[in-house]
Each structure stands twice: as structure tokens, then as C-alpha cells.
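Undergrad: All chains should be built: construct the whole structure from the sequences, respecting the hints.
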Amino acid sequence: MITEGTSTKVSGLPGTVEIAGAPPYLFEWSESAHWLPLAITGLALIAWIVSLRFKRAWAALFGFTLALMALWTLQSARSGLWLPESASLIADEVDGLFHLVMALTSIFYLLTQGVLIWTLLQPAPPGGRAARVHGNHLLELVWFTVPTGLLVYIALVQLPTWAKMKGQVPGAYLAAGYQPASDPADLLLTVTGRQWEWRMRYHSPDQPMPVNPLFWAATPAAEDIHAVNELHAWQGAKVRMMLRTTDVIHSFFLPQFRFKQDMLPGKTIPALLHTDRSNIEADGTERVWEIACAELCGGNHYRMRGKVVIHRDKKEFMDWLNRQKASQSERKESAAALPTPKPEARENQ
Amino acid sequence: MSHPNALHAGHHPGFVRTYIFSTDHKMIGLQYLFSSLFFLLVGGGLALLVRLQVGYPNESLGLLTRLIPGLARHIPESWGGRMSPEFYTMLFTMHASVMIFLVIIPWLTGAFGNFLIPLMIGARDMAFPVLNMLSYWFMWPAFGLLMASFFVDGGASGVGWTAYPTLSSAALPDGTLASPAARHAGLGQTFWLCALLFAGSSSLMGSINYITTVLHLRAPGMSLLRMPLTVWSLFITAILQAVALPPLTVALIMQLSDKVFGTVFFLPPGGAQFGAWSTGAGGGQPLLWQHLFWFYSHPAVYIMILPAMGMVSDILPVFARKPLFGYRPMVYSMASIAGLGFIVWGHHMFQSGMDPRLGTGFMLATILIAVPSAVKTFNWLATLWGSDIRFSAAMLNAMGFVSMFVIGGLSGIFMAVTPVDVHIHDTYFIVGHIHYVLFLSSLFALYGATHFWYPKMFGRMMSENVGRLHFALTFVLANCTFYPMHILGIGGHPRRYYDPTLYEFLQPMQSLNRFMTISAILLGFAQLLFLANFFLSLFLGKRADANPWGANTLEWQAPSPPPHGNFALPPVVVRGPYEYGGDGPQDHQPQTASA
Ligand code: HEM
Ligand SMILES: [Cu+2]
Ligand SMILES: [Cu+2]
Numbered sequence: 093m094i095t096e097g098t099s100t101k102v103s104g105l106p107g108t109v110e111i112a113g114a115p116p117y118l119f120e121w122s123e124s125a126h127w128l129p130l131a132i133t134g135l136a137l138i139a140w141i142v143s144l145r146f147k148r149a150w151a152a153l154f155g156f157t158l159a160l161m162a163l164w165t166l167q168s169a170r171s172g173l174w175l176p177e178s179a180s181l182i183a184d185e186v187d188g189l190f191h192l193v194m195a196l197t198s199i200f201y202l203l204t205q206g207v208l209i210w211t212l213l214q215p216a217p218p219g220g221r222a223a224r225v226h227g228n229h230l231l232e233l234v235w236f237t238v239p240t241g242l243l244v245y246i247a248l249v250q251l252p253t254w255a256k257m258k259g260q261v262p263g264a265y266l267a268a269g270y271q272p273a274s275d276p277a278d279l280l281l282t283v284t285g286r287q288w289e290w291r292m293r294y295h296s297p298d299q300p301m302p303v304n305p306l307f308w309a310a311t312p313a314a315e316d317i318h319a320v321n322e323l324h325a326w327q328g329a330k331v332r333m334m335l336r337t338t339d340v341i342h343s344f345f346l347p348q349f350r351f352k353q354d355m356l357p358g359k360t361i362p363a364l365l366h367t368d369r370s371n372i373e374a375d376g377t378e379r380v381w382e383i384a385c386a387e388l389c390g391g392n393h394y395r396m397r398g399k400v401v402i403h404r405d406k407k408e409f410m411d412w413l414n415r416q417k418a419s420q421s422e423r424k425e426s427a428a429a430l431p432t433p434k435p436e437a438r439e440n441q
Numbered sequence: 034m035s036h037p038n039a040l041h042a043g044h045h046p047g048f049v050r051t052y053i054f055s056t057d058h059k060m061i062g063l064q065y066l067f068s069s070l071f072f073l074l075v076g077g078g079l080a081l082l083v084r085l086q087v088g089y090p091n092e093s094l095g096l097l098t099r100l101i102p103g104l105a106r107h108i109p110e111s112w113g114g115r116m117s118p119e120f121y122t123m124l125f126t127m128h129a130s131v132m133i134f135l136v137i138i139p140w141l142t143g144a145f146g147n148f149l150i151p152l153m154i155g156a157r158d159m160a161f162p163v164l165n166m167l168s169y170w171f172m173w174p175a176f177g178l179l180m181a182s183f184f185v186d187g188g189a190s191g192v193g194w195t196a197y198p199t200l201s202s203a204a205l206p207d208g209t210l211a212s213p214a215a216r217h218a219g220l221g222q223t224f225w226l227c228a229l230l231f232a233g234s235s236s237l238m239g240s241i242n243y244i245t246t247v248l249h250l251r252a253p254g255m256s257l258l259r260m261p262l263t264v265w266s267l268f269i270t271a272i273l274q275a276v277a278l279p280p281l282t283v284a285l286i287m288q289l290s291d292k293v294f295g296t297v298f299f300l301p302p303g304g305a306q307f308g309a310w311s312t313g314a315g316g317g318q319p320l321l322w323q324h325l326f327w328f329y330s331h332p333a334v335y336i337m338i339l340p341a342m343g344m345v346s347d348i349l350p351v352f353a354r355k356p357l358f359g360y361r362p363m364v365y366s367m368a369s370i371a372g373l374g375f376i377v378w379g380h381h382m383f384q385s386g387m388d389p390r391l392g393t394g395f396m397l398a399t400i401l402i403a404v405p406s407a408v409k410t411f412n413w414l415a416t417l418w419g420s421d422i423r424f425s426a427a428m429l430n431a432m433g434f435v436s437m438f439v440i441g442g443l444s445g446i447f448m449a450v451t452p453v454d455v456h457i458h459d460t461y462f463i464v465g466h467i468h469y470v471l472f473l474s475s476l477f478a479l480y481g482a483t484h485f486w487y488p489k490m491f492g493r494m495m496s497e498n499v500g501r502l503h504f505a506l507t508f509v510l511a512n513c514t515f516y517p518m519h520i521l522g523i524g525g526h527p528r529r530y531y532d533p534t535l536y537e538f539l540q541p542m543q544s545l546n547r548f549m550t551i552s553a554i555l556l557g558f559a560q561l562l563f564l565a566n567f568f569l570s571l572f573l574g575k576r577a578d579a580n581p582w583g584a585n586t587l588e589w590q591a592p593s594p595p596p597h598g599n600f601a602l603p604p605v606v607v608r609g610p611y612e613y614g615g616d617g618p619q620d621h622q623p624q625t626a627s628a
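Here the protein sequences line up with chains V and L, keeping their order. Residue numbering for the first sequence follows the numbering used here, starting at 93 and increasing by one per position. Residue numbering for the second sequence follows the numbering used here, starting at 34 and increasing by one per position.
In case anyone wonders, no lab produced these hints; they're calculated from the structure. Positions of the beta carbon are idealized from the N, C-alpha and C atoms, including for glycine. Any given hint might turn out to be false.
Which stretches of chain L does chain V cover? Using the computed rule of at least three CB atoms under 8 Å from a CB of chain V, they are [as the list claims (entries may be wrong)]:
id, region
1, 186 to 193
2, 299 to 309
3, 351 to 364
4, 392 to 400
5, 423 to 434
6, 497 to 506
7, 610 to 621
Covered stretches of chain V, as calculated for chain L (at least 3 residues, CB under 8 Å) [what the hints assert, rightly or not]:
id, region
8, 305 to 313
9, 328 to 341
10, 393 to 407
TA: Structure below.
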């Protein structure tokens, strides 16, 4: 309707994912995308026409729009268009905070919008003139202190989660407030972002864990195992990732882990990932967990797609790692070394 | 529209001095207004192209390619009639740059700041009329550079309005104008940096002028605490600009120098490796840019909302026929928003690699800044409570502002919760937030203010019915366009993606993306109603007398439109601006003793 074109790659997309037991939706986004905006425009037109005669129609317009938003929110939450599947305990904690803020802000939303709509409906003041009231100290005090109290609560309640996510423990810091070096990890790897892929270098778990991961991150060794655009670990592993970039800022985004960290040129940023759940089903099939880049890094920013595989146990992971190692030693060593020039991406310089 | 100098006998400066290089604050205000409306069209067009791409990532642009001049050169053969990913990045970069630096800021501070400050404080003109004229004319090189950059080698800047190094700042290799970091970060980015330097200088000149004018040229009796909130807000905004712009200017010059002269302010000691091209050693720090940029750009978001808050605070009482509730809390909360606004910039950098302990500090300040925002909202609602509302187009837009600002403020709290921000940072949630505060708040305030002060500017009224129709359509369609962005963001949909359908977890969201695109197109068309109303009313609007709304502030004591010099006699102010309602003989008492 808007553009003419031939490609139909996106047609036939899966609709919203239905959650078992959820009540049926009022409408399906996929089917209503085209007519719904027009229908809503029509309703706005009707509200305007009615308002020419009845001024209170404006309350209906406000009410309708605000109700629509509340409805969309509820519908999305129910239909799975919401927080992605959670892959770790810390992700559950983040979701808990999210829903706490959602609940508190919803109260304020309903309160303020309710009052606003009421003022559109309220009867004219007696005598047609409103009282000349300039303010009220008590009210000002109340609506200063109540939000302040709630906000301070929100500020405090999030502190432990943030500290856990960034691995802060008072004491020795590995790098300016990030992971303390003493925090044990089961798996160590570097993730190096570059235009436009993620390069993973795994420390071989047969070797003893290096004392200084920062030093290890800066010095590739022959026994390291390489992978591109694939993050592997096993369920229950604590994974220390050393995040780096060779060119511009990228941001390593793992939606299921509620994990996101920019990679900063010139820095190696340590991060810890707790892998509490696996995405391998009992029958061996894999649910897709994707890696995305969240910081604009050039024209192909949208293409820095990768995948996460959390194996069911360490053995399954080691199988993968050893396969990877075998195929790696087949290739010439130089091909695996970092960084390799990528001529095709430069063609138009 | 009558000749602005008609009442000033014996002083005829001629066409060029009156309409083009004018030093009259009202004419400069109108120049800003007309330019902003034009830029709004340009920025809106860019936004629709962005939305088309995200909603229909795999379809050819077809007819559009031929309709829009210059578009064809950005549709390479290899993309089969689709725009290239690079062009897409240019579109959203330029959309944001135009909207922020050439629409919202100039419309609020340039157009209304210029037009209203002297009139509302009872002055004859600004303190520095020539500086004022210069500040307007500095905007045009900015616009020219931004638009010209689409046609230079590599195209316009495509590194986002935030222009993070090293993508943006990589030095151009000797003798070339193409950046090794990205095709669209070469000459175009240099143009962008220069454009921002012009826009920034323009704002800075304006702000010095406003501060001086408010401090020195107030009419007798106009104490600071009798100033209308519009003046307060513009005054505070001017202070914000004066303090925040110098660091931005420095940052822009540093990036320009990195790019053109090969300095290394933003290049880390180890340098950077772009494919086969190595920059050599650096010695700087890419994060420095983010600190400098957000030290300006966070206050800048308040520059883009405070004047809107001020104008809404002046419109609500007039149509509620009731005093503004809590004048002093309103002033104090604006001042504290401005003050706190300087210590929250790090909330844009929670995931940047900044020390996470620093993030906690910025989080606390950010959470606190929601308090004055809440206080303002409650005072607006209390102003409306028990009042006798008149549903003018100006009033509806002002009420739309209050309603939508609540949503923008509440979504801010999600992002201020650092663990939650980890997930929603750089997703569509942020895009939703900024559009609730900038489109659905600032722009509604601007529409309302334009309806409200139009009679004073042109001596005619805009059509109320068309204005209300425009409001109704804009209100619902803008919500359809921007509300679902929050839902996408919660699902993890990153912003600035050329083709989200590559990702399995984003595919279920694509129908929502289309819904937003179609709503956006309808929304774009609805804005033509406003433009038509604005331009046709210049000639066809009902004639307005001096005070068509029965308002108290000083500008309504001057003729519509006010002559050169504004007031026949200097007005003497005897009371505050919000004496509405009550049981007196009149339902309002102007700020001067005699009407
Ligand atoms: C209650 C008040 C507010 C709070 C708590 C708040 C909080 C935040 C936070 C934490 C971010 C960073 C999010 C991220 O990138 O992860 C942000 C972004 C932003 N905010 Fe607000 N905000 C508030 C009000 C406003 C207002 C009034 C405006 C403008 C008029 C505004 C404009 C913006 C813009 C433009 C961005 C995004 C810039 C970008 O990344 O492109 N905010 N806000
Ligand atoms: Cu990227
Ligand atoms: Cu900010």
C-alpha cells in the first residue's frame, strides 16, 4: 500500500507467541497493523465531530487513548511480546525490579490521568467562577514527600542487583570497579567486537585459570580456541568475558541474560555471566538465543548477529570445544590469529 | 498581517531591514518561527523515511525514489531499489539533528523566547538587538551544512546524533575525505560538526541576550517573583545554555581536530584497526567525548522541555480561568530541575564502560530529578481541579502536554533503575521515552503556544475548529506511533536497526513495527492541517483585538500585533500574572493597574 516492491521475505512471519492458558487477545497485531491506525483515526474524527456539539467528548478522546495504552501493555505482557525468556537468576531479579517499577508507575499513571480526565468532566464551578486559589502548603508538602519517599525506595532497592551485575565487591578491583579478580570463574574468554562480527577466544579449560585475566586477554596463546559469533558455555557455569574492540564502540547485548555492555576502544572490560539455564531442549534441539549489537557501529550494525548456546552440562560443552579445536588445528594457524583483514567490507573506501 | 512598524511614524527602515536583517525582537521571533516550521517539514520527512525502512525493511522504495530529489543516488543497484544501510543511518542522524537543533530549540527559545520575553516583562526590545539578529542568521549555515552534506562524497553523517568516537572521529587519511571507520563518517561528519558549531553559537548569543534582558529591562514593578512562568522558564533555559554550550563547543572542536588534523583526543593509546587500515598510536580516550557530549546534551533535553513547561503554565490558567496553583513551587522546581540537570549526564553512560560505582551516583541524582517533575505535574492538575475549562485548541494542546509528560517522566524512571537500564538501554524503549518528552510534550506545548500567541503575533486568530481537529488526530496518532516503541524496547528491540527481521527474537515484533509506520505516515499528514491553518490564517483568520483570551500578562496590554517599541507608555506592574476567577467585578485582573 505504501511502497511497491517485490521482496516478500517478511511475509509469513510468526505472529505473537501464544502463552498457554492466556485469555484470547482482543486483536492480533499481525492482522491489525494495517487497518487499526485508520480505525483509530476514524474514532478521533468522530470525537472531534461530537465535540463540536458536546465539549465533554474531549474526555472521551483522552480516556480512549489512555485506555488503549493500558490495554496494549496488558496485551503485550500476556501475548509474549514482553521481556524475552529469562536465562539466569540475575535476569529474574532484573525482571522483578522492572515489574516493581511498572507497578509503582502504573499507580501514578492511573492517578494523574484519572484526575486529568475528571477535570475535563467536572461540573462548572458554582456561579461560573472558580475560586481564586493560589496554592496550598499542605498539599505541596504531600506531593513532594510521597513521590520522594517512593523514589528513594526505588533508588535503594536496586543497589544490590546493580552491584551483582557489575560484579562489585568491596576490596580489590580488577579494573576500576569491575569484576574483582578473586571472584572465581569456571570459564574464561575474550569477546572482541569489530566491524561487523564478534570474535570469541576461549581459554582452554584443561589449563589452569590464569591469575591475571587482563594479562591473558592481551596475550593470545596457541592453545586458545577460537569461534566467531558463537558464545558457548554450560548450564551453571560462571563465565568471565573480557570485552574488547579493535575499531569502534560496539555493545554486546544478550537479551535473555539482560546483559549489555559497551566495548570501548582501548579498554578491556571484564564481565561475569551466570548461566543458570540451558537453551538445549531434552530432545537436543536448540532454542535460539541471539547476540545483538546495541551501539551503532556503522552501516552493518544491524548485522552483528550471533548466537548463544548454553549446553546442558560441562561435558556437552567440552565436546563442542574439542570439535572446534580439531577443526582449528586443521586450518593454518595464521587464519585463526587476530586480527585478520576483511577486504570485502572495505570495497567502497 | 499588518506592517509591524505601522504605528511608529517617521521611522521606516525599508524592506530588508524590516523583514530580513531586522533587529526588532518580534520580527526575529517570527523569522525563527517560520524557519522552524520549515525545518519541521524537513525533519518529519526524514523521520517517515526512517519509519518506512524499519516497517518494511525488504521492500523497494519504488515511486519515492523518483519523487524525492537526490534520493536516487542513495539507492545503489546492489540493494534492488531499497535504500542502503548507510543511507538509513544518515536518515536517523539527520532527523535527530534537524529536530533538536533546528526545530525544538529554535522554536522554543528562538521564536517564543524572542517574541515573548520583552513583551512579557514590559521592555521595548532585547538588550542586544544586533546580537539577536546575528543569532538568527547563524542558524542558516547550520541548516545549509546539514542539507549539503547529503550530497558530498560518502553522504551525510550516519553516526547518530550522539556521534560517538571512534566511529565518528577517525582521522581522514591524508589526501582523502573518506573515513576509514565508515563510508558515511567522512566529509559528511565534518559538515555535521561545523553545523553544530554554528547552531551552538546561535543559541549562545541568544542566551546571553535573554539573561541580560530579563535581569535589566523589566518594567517597573515587575519583580522576579511577578514574572510569568514563561519568562522564568526561558530565563533558566538561557542560563542552562550559557553553562552547557561551552563544553559542547570544545568537544566539537576536539572531534573536528581529530578528524581533520589527526589529533588523538578520542583515540586510545593503542590506536584502532579498521579492517586493513591501522590508525597508529593514539593517546586519548573515546569515553571523554561521551562525558563532554552528555554534559551538554542532558541539560539540552531540559532546554527542550523547560520553556514548554513555562508556556503550558501560562496557558492553563487562562483557559481554566483559575490562578496557577503553586507559583513558587513551580519556580523552585524548574530551578531544581535545571540544577540537578547538571549532575545526571552519566545516566546516558551506564553501560558505556564507565566505572559502575559512578553509575550509582548518577542513578541517585537521576531518580531525584523525577521529584520536581512530579511536583510540577501535580500543580498543573491542581490548577485544572475545580476550574471552568474552555476547550480552545491552545488549551487542548496544553492538556495534552500534561498528560503525555507524565508518560515521558514515568518511562524515565525505568531507565534510571540501572539494572533495568542494562536491558533497555539503546533499545526502542529509549526512542519511546525521547518521543514522549519531545514530540508528545514539547511539540504539543509548541502547538498550544502557537495557537495562543498567534493573535498577538499577527493580529489574527487561527481557526479553532481546525486546530482542535489537528489536536485530536495528532493526539491519537502520536500515541499509536510512539507508545508501542516501549513494548519493542522491553522485548529487546535495539534502536537504529536497518533490518530487524534478521533476528528471530525480533520477528514477532515486526507487525508492531508496521503498525507504527502506518500510524506515523497518518500522523505526518495530520501535521499538514496545522501548517495549513497557520499559513491560511495569516490572510483569512478572524481579526484579533489586543486581548482576545482575557489574559493578564503584559503582552496582552499591547496592540495586536505590537508596534515597534511595543508599548506606548512603559507599563507599571502592580500584581502577579495569575489573578483569574474569584468573585470580583472581572474574572481576571491584568498585571498593570489600568487595562
Ligand atoms: C523524570 C524525568 C526523566 C528521567 C528520570 C529521565 C531519565 C533518562 C535516562 C536514564 C536516560 C538514558 C537512557 C539510556 O540511554 O539508557 C534518558 C534518555 C533520554 N532522555 Fe530522559 N529522563 C527524564 C526526562 C526527560 C525529559 C524531560 C527529556 C526531554 C525533554 C528527556 C530526554 C531524553 C533524551 C533525548 C534521551 C536519549 C538520548 C539518546 O540516547 O539519544 N528526558 N532519560
Ligand atoms: Cu553495532
Ligand atoms: Cu539525560
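Undergrad: List, from low to high, the hint numbers that the structure doesn't satisfy.
TA: 8
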